[in-house]
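Quick mapping for you: the protein sequence lines, in order, are chains A, B, C, D and E.
All residue numbers for the first sequence refer to the numbering used here, where the first residue is 243 and numbers rise by one.
All residue numbers for the second sequence refer to the numbering used here, where the first residue is 243 and numbers rise by one.
All residue numbers for the third sequence refer to the numbering used here, where the first residue is 243 and numbers rise by one.
All residue numbers for the fourth sequence refer to the numbering used here, where the first residue is 243 and numbers rise by one.
All residue numbers for the fifth sequence refer to the numbering used here, where the first residue is 243 and numbers rise by one.
Keep in mind that the hints were calculated from the coordinates and are not lab data.
You may find that some hints are simply not true.
One copy or any two copies: either way a pair holds, since identical chains are not told apart in the list.
Capping the alpha-carbon separation at 16 Å, the derived lysine to aspartate or glutamate pairs in EDC-like fashion look like this [what the hints assert, rightly or not]:
1. Lys518 / Asp349
2. Lys248 / Glu490
3. Lys518 / Asp409
4. Lys518 / Glu490
5. Lys248 / Glu347
6. Lys518 / Glu347
7. Lys371 / Asp505
8. Lys371 / Asp349
9. Lys371 / Glu497
10. Lys248 / Asp342
11. Lys518 / Glu388
12. Lys248 / Glu486
13. Lys371 / Glu322
In case you want the letters, here they are:
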Amino acid sequence: MILRDKPGLMQLLFAVRGSVLPRILPRILGLSALSALVLWIDANVMRLPHTNAAPFAVFGIALSLFLGFRNNAAYDRWWEGRRLWGQLVADLRSLSREVDLFVAEPDRRAQILRLALGFLHLHRINLRKEADTSPAIRWAGDDFSESPHAPCAALDALTAAVAIGADDGFARKALAERTASIALAQAGCERIATTPLPYVYSLLVFRTTYLYCLLLPFALIDGAGWLTPIFVGIVAYVFFGLAEVTEELSHPFGETVNSLPLDAICRTVERTLAPKLGQEPPPPLQPVDYYLS
Amino acid sequence: MILRDKPGLMQLLFAVRGSVLPRILPRILGLSALSALVLWIDANVMRLPHTNAAPFAVFGIALSLFLGFRNNAAYDRWWEGRRLWGQLVADLRSLSREVDLFVAEPDRRAQILRLALGFLHLHRINLRKEADTSPAIRWAGDDFSESPHAPCAALDALTAAVAIGADDGFARKALAERTASIALAQAGCERIATTPLPYVYSLLVFRTTYLYCLLLPFALIDGAGWLTPIFVGIVAYVFFGLAEVTEELSHPFGETVNSLPLDAICRTVERTLAPKLGQEPPPPLQPVDYYLS
Amino acid sequence: MILRDKPGLMQLLFAVRGSVLPRILPRILGLSALSALVLWIDANVMRLPHTNAAPFAVFGIALSLFLGFRNNAAYDRWWEGRRLWGQLVADLRSLSREVDLFVAEPDRRAQILRLALGFLHLHRINLRKEADTSPAIRWAGDDFSESPHAPCAALDALTAAVAIGADDGFARKALAERTASIALAQAGCERIATTPLPYVYSLLVFRTTYLYCLLLPFALIDGAGWLTPIFVGIVAYVFFGLAEVTEELSHPFGETVNSLPLDAICRTVERTLAPKLGQEPPPPLQPVDYYLS
Amino acid sequence: MILRDKPGLMQLLFAVRGSVLPRILPRILGLSALSALVLWIDANVMRLPHTNAAPFAVFGIALSLFLGFRNNAAYDRWWEGRRLWGQLVADLRSLSREVDLFVAEPDRRAQILRLALGFLHLHRINLRKEADTSPAIRWAGDDFSESPHAPCAALDALTAAVAIGADDGFARKALAERTASIALAQAGCERIATTPLPYVYSLLVFRTTYLYCLLLPFALIDGAGWLTPIFVGIVAYVFFGLAEVTEELSHPFGETVNSLPLDAICRTVERTLAPKLGQEPPPPLQPVDYYLS
Amino acid sequence: MILRDKPGLMQLLFAVRGSVLPRILPRILGLSALSALVLWIDANVMRLPHTNAAPFAVFGIALSLFLGFRNNAAYDRWWEGRRLWGQLVADLRSLSREVDLFVAEPDRRAQILRLALGFLHLHRINLRKEADTSPAIRWAGDDFSESPHAPCAALDALTAAVAIGADDGFARKALAERTASIALAQAGCERIATTPLPYVYSLLVFRTTYLYCLLLPFALIDGAGWLTPIFVGIVAYVFFGLAEVTEELSHPFGETVNSLPLDAICRTVERTLAPKLGQEPPPPLQPVDYYLS
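If we strip away everything but chain A, and leave its shape as in the complex, we get:
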């Protein structure tokens, strides 16, 4: 995630980090060049058909509709991902309080918290398809890699610790409810990670955007003249820019510059729980070059 203030004039002109411009520049230039070619042919080789703005008005509205929908859906996925991780933060903090209330033995309390922190890292690693499980091992003493689903195995181990440490009904009920709440947030994240936006929208959106930009010069020749390539470039920037942003945000657990700062969230939880495990709280994660991982 990029953490920066509202962009000033310099950033608006030159900011590249966090921008999608570099990735879509080839397409923008290509389409502008094509439109310049159309102009040149129209002026020097043969007169091409000129259309007026009517068909493009509706076309553009439909395209806006597609992009608007996709953008909303993608942002909702991103924000729901963030909300689920916020739920996990709250759940782990509440778990640490509930073991204080309901589990008598200090060692068992510590074991439960360690397994919870291990789960959190394994969940992050699972979502991001990372390979380094050392943070999980550091807390939980195990990365549960022999299990078919490591985060679930960590929660199973946590439940086993609860079964030993909590011997009355209230304790078991309270901690089972907490674990179920964690499991629900976990399944929500996995749902977002494994179910992309329907592929058919991608096809429809990109095909329509290309068609629009390819046909646009025929409508602009009369109205914009030699400004046509500039307008085509701007329209391509706006539409492809939004399409790219959408693509990124719809995968909130990836490692692009716009994805969620899962490392920092895990660190936040570690800072809250470390004192209860008798450890020095690690420093909060700081953005590097405005980027918080």
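Using the hints, position chains B, C, D and E against chain A.
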């Protein structure tokens, strides 16, 4: 569900799997041909009335409104269906932990989990109106086909097992809450499956789309000339394409290429629960030709 | 509710059941005739002022905004009504399982379920303002017509049965929670039934739509000529059609062809609970002439 | 709240009750007169600049965006207010059942219900800033006016009654949960009542609407001629009408004709609870001149 | 937060407090001046290319789409922040009732309430990054500044007091649930405070808005003539105005004039809880110059 990366240039041009193009191509070509006919008559037989863009601007906005609404509603159904299945995944995992905490006898625990897996398959089979109940029989030993509602009967049997295995109030309360949560997600899926989008919208949308595409040539003759059939074809592609996508997504439990991967979700749950039943976890389901069933 | 497949070409042309066309046809024809009159006066009597498309563009956008908003709000009411009834289905199924777990005496169990089914029918009858309470009497033995609010009285009787049949705290807590969940869904339905969309929107929408269609001919004379009445008719169809659909869907518990199939939902619950009461499950309700009541 | 059927032709022409027209008529006429003045100056004194529709198209879209957003936000507040009161209805009904289950002594039960009804009236009085607390005194015997927050004091008294009447853990837990649910709905209503829509939107919307209507004549002179004042009037009607509706609905607990019928909702609850207090249920509140308070 | 009635004519003309106009005026004037320069060059130096409205229609729709989306997302953040604080208000009130029911010793009750009030102030201070922790010290006797996360430490201390004061399972369960609900609302606020809207949207929106306003003169020269700078100024006002409002509302816990009145909300809670601690309730916070902090 189609699982593919962002479409590249080749896919944009040629991807057919997951695209709605093949299904709507006849309509697109038909409407293009009609508009070509209009042009030919206008040029060679008799001058037809030419309209300007004004009436189409509003018409197009209204049409976008219809399609946008229907698209949002359909996507919400699709995503709610996915969310409900995510809830089921979390509930079954939590159930497996709660039987560990609250049910003393191992055989009874296994019975409850087997019935839960049987329920999950029967629920999937019921939603998709499939006939093969063997996965349910494999886990639960029964397909409850003599009952008026097989998934409910599986949950009833699960409750009966809980009544035997859980003898204190906490255990019964915890497992009754979990079962109620499962039943709520189940009823939510059945709601989506049995209540389609209001039929009146389909009539309104399709009638309006046809009217729009049939009248469009009269507005484009002046502005687009012999490009008219191309524009009519594109507009028809955009509008009918969205209408078709909408139709598919509004039935998320069907077996079209864009419906939800219920088989894969059931497999995910089986993988998590199998070790607790002393079984080798089955391999995760892989997409075949980009399609995950 | 109309249950039909995606409309084919024949249905698009001729479907009347479920369509709003018959009801708005007089208005459409009236407005078309008026616009024809305007044309005739303009051509033969005196030249009327001709306007261009500019004022109508903004007007049309504002109108789309109104209609789009009202349509979303109405559909949300319809879908929330359906969701609440889905909640009731799940609650009654869960209630039937919880009495198995928490109520020892079989007669008391049956009494609770019978009162729950009686409540469901009384709730439906109350929402639809029907007079025939025989289904409620059949299950609950009473229609509670002497009470100021029959469905609430049925739930009160259910609670009284719970007070006798459930003698430990867990049982009372579990069944009180279930009853409260039912009461919440009930109050939600009553909220939708007694609180229509603000009347001021109806005035604003219908007044604006009429103004729009009455002034439209002045903008179309130049652009559409003798096609004007056709365009006015289509625009009237689109706008009044959406306004009518909205009106219907915003009353989801009515008995129009687009309202919710409450009879069928009640039957679904009866089918699930009948075996527990030792009765033959009634057959599921089938649509008659595509209409499910 | 206005309770009327779908407006017929007469109502469309003449309905004033519930309409915002009377309040915005001066502005509409003023702006129309100004535009007539512009026309007169342009024709007789000096030629004013004529603009085409291009700048107004974007301007109008942006204005629609503002108004659409504000309208959605206002309606959401109105509907959330209604939902919270529906929650209170369900909570009070459930409370009346839970005291039957969990509180042994009949006098204590009645006391709790009386305090709950007193709370409901005090909450309504607090939201509407009314002075007459007699309904609260009639039920609860006190209006808690010596307390800094009367509705909270009523709930505190209710809790004190629960502390005496409920002596086992289940009873206290159940009634504490119910009270917390009531308190949450109460705080939700107070949130809506004390936090208006951000003031900056009002400035932006009204300033933009005025600018739009003041500049519109310059764009319409060419296109609409002497119909200009009519169009300006209609556009002003549409935009100011929506702005006024929005203003009203965003204060759902006020006493305008479009605010929520809190008196009627309180009466509904009284009708359900009265029999349990041995009282004749009062008649339901009827609309007076279509208005339900 | 600004608390004012609907703006009257004078306020519309001159209101500055709460308005974003002062902040964006330089940009508006700069862009107007630039467009005047374009006009002057076009008239006196060399004829510049004139474009028609077609490219701007689509451009404007896309821009509206961006701004509309961002505005909705920002308002949702603002309103969710307010909802979470409303939840905190309800939770603290319910906590005060639950300690009455579940904690026997009056000193312990007071300690729990004092820690809760301390938490509330620390949470506010943490969100606003303020330095003055005296209100927290006044209630809780400590500002927990030695802890890595002060609000969490306050809740930990509260849990420790519960562990001493509540000795049966029901009490611990009830108070643990309340604390978890508080922690969830707290984590929700922290989520909003630490996760801004994706930076990439800011770049896209501001870059597109500047491009639009810079190119607009070329489209307006023909249509608006010497009114062009006025139109450019208005369009810049509308678009930059909305962008600024959005920026402010997306940080609901800041100290701008449009951010949430956290001081006043804390005071509301203090007023409700003070009598239970034997203190005189402080007066409600009043807006100063229409501003409620």
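So, going through the hints one by one against the coordinates:
no. : hint            : verdict
1   : Lys518 / Asp349 : within (11 Å within a copy, 26 Å between copies)
2   : Lys248 / Glu490 : between (21 Å within a copy, 10 Å between copies)
3   : Lys518 / Asp409 : neither (22 Å within a copy, 22 Å between copies)
4   : Lys518 / Glu490 : neither (37 Å within a copy, 38 Å between copies)
5   : Lys248 / Glu347 : neither (50 Å within a copy, 52 Å between copies)
6   : Lys518 / Glu347 : within (13 Å within a copy, 27 Å between copies)
7   : Lys371 / Asp505 : within (14 Å within a copy, 22 Å between copies)
8   : Lys371 / Asp349 : neither (32 Å within a copy, 36 Å between copies)
9   : Lys371 / Glu497 : within (10 Å within a copy, 29 Å between copies)
10  : Lys248 / Asp342 : neither (43 Å within a copy, 48 Å between copies)
11  : Lys518 / Glu388 : between (29 Å within a copy, 14 Å between copies)
12  : Lys248 / Glu486 : between (21 Å within a copy, 10 Å between copies)
13  : Lys371 / Glu322 : neither (20 Å within a copy, 26 Å between copies)
Checked against the numbered hints above, the structure violates hints 3, 4, 5, 8, 10, 13; every other hint is satisfied.
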